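With the hints as constraints, model all of the structure from the sequences given.
First to last, the protein sequences are chains C and V.
For what it's worth, our numbering labels the leading residue of the first sequence as 44, then goes sequentially.
For what it's worth, our numbering labels the leading residue of the second sequence as 186, then goes sequentially.
In case anyone wonders, no lab produced these hints; they're calculated from the structure.
Do not take every clue at face value.
What the hints assert, rightly or not - Result set (BS3-like, lysine-lysine): computed pairs, CA atoms no more than 27 angstroms apart in a straight line:
| # | chain 1 | residue 1 | chain 2 | residue 2 |
| --- | --- | --- | --- | --- |
| 1 | C | LYS58 | V | LYS303 |
| 2 | V | LYS353 | V | LYS378 |
| 3 | C | LYS86 | V | LYS271 |
| 4 | V | LYS271 | C | LYS75 |
| 5 | C | LYS152 | V | LYS205 |
| 6 | C | LYS85 | V | LYS271 |
| 7 | C | LYS58 | V | LYS323 |
| 8 | C | LYS145 | V | LYS271 |
| 9 | V | LYS378 | C | LYS75 |
| 10 | C | LYS58 | V | LYS388 |
| 11 | V | LYS323 | V | LYS386 |
What the hints assert, rightly or not - Non-contacting residues of chain V with respect to chain C, defined by C-beta distances greater than 12 angstroms in every case (computed):
| # | residue |
| --- | --- |
| 12 | ASN193 |
| 13 | LYS366 |
| 14 | THR370 |
| 15 | LEU371 |
| 16 | LEU412 |
| 17 | VAL418 |
This one's a predicted model, so the numbers in the text were calculated from it and none came from an experiment.
C-beta: ideal position from N, C-alpha, C; glycine also.
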Amino acid sequence: MEEEENDYEFSALSKLVNDEKILHEIFSMYLKTIPNTVAGIKKDFENKEWVAAKIKIHQIRPFFIYAFELELIETLDRWRDLKDDSLADLNYLVDLSRLERKTARIITKLNVRVSLYDKGFIN
Amino acid sequence: MIKDSLINCVIIDDDLASIKIIEALVKRLPFLDLKASFDNPVAAAHYLSSEETELIFLDVEMPGITGLELISTFMKNQCVIVISSKRDYAFDAFSLNVVDYLEKPILDYSRFLTAVLKAQSVLSKRLATHVGVNLFVKVDSIFHNVIMDDILWIEAFGDYVKITVGDKVMTTLATMKSMEKRLPTLQFVRVHKSFVVNIKKIKQIELNSLQIENKIIPVSAFYRDSLMKKLQVL
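The structure is reproduced here in structure tokens:
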């Protein structure tokens, strides 16, 4: 229930950009990149490619800040700041599955929003 | 302040969504003229080596070359606002004389505005002090040394400008915009699309014109405010 409230909260970004067309473009970019990047992080973790994983973690961080996912940000920052060999010892499965779950939820919401814009319901 | 002239700027960030957001913020400020955005720092370095740029919004962690390497290797005297999601680089960035350091993602428009205003102030101070006391004007392949103080007015003349110094008129290939950039902003002011004048040389000002020596120069309504702001009026 707690997750439902804020995980697609892009109000800070909306206020900042203040232009629906540009917001639409940004959300469309997120739809194209974020799911792939998260899938890439999972793969990198499985393959113990810590450097590549950290680069991707760094890339998705702004998205989750705009999405107001503060708990996830803590996790991402912890992963990002760990030394590579410490990452190898980390039990990341729970956090990784939470990252995937929340990403899927936000992306679904963004998909709806982008579709509404495309159909002219948001302008 | 460079209130009357545009500050040309570029954005360098490997994240396209970040570029889009910074572009939107830049667009809100009419005195910023965004010339280009780069998600590839190497292409940006190439651009910076050939194009005049005053302000750069720069990410740090990028593939190929980092933002800090870009500053130390390719940048000359541009103002740089670093936008990074890591605070770790702030010390190194400030030791490279960046104007400001913003944390990514940007959440607060006023913080962005503060950084840009800082850059604007740095640029205008630099312009006021950095502009030399003389200017070499090329006329028929000869460079004439002109003391800026002695310039009376500059007039647009097609692709050329006519620079009036005392009773001499020099015609050289230049635009009014490029001339304005070379002149001290506190001393010279655009009063018409075709005229820039030396404030020190103005004899009197009327509603739609001013006089320097015996020349009556038109003052257009568009430029009148900026002229009056630069004058000490009793």
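Hints violated by the structure (listed by number, smallest first): 7, 9 and 10
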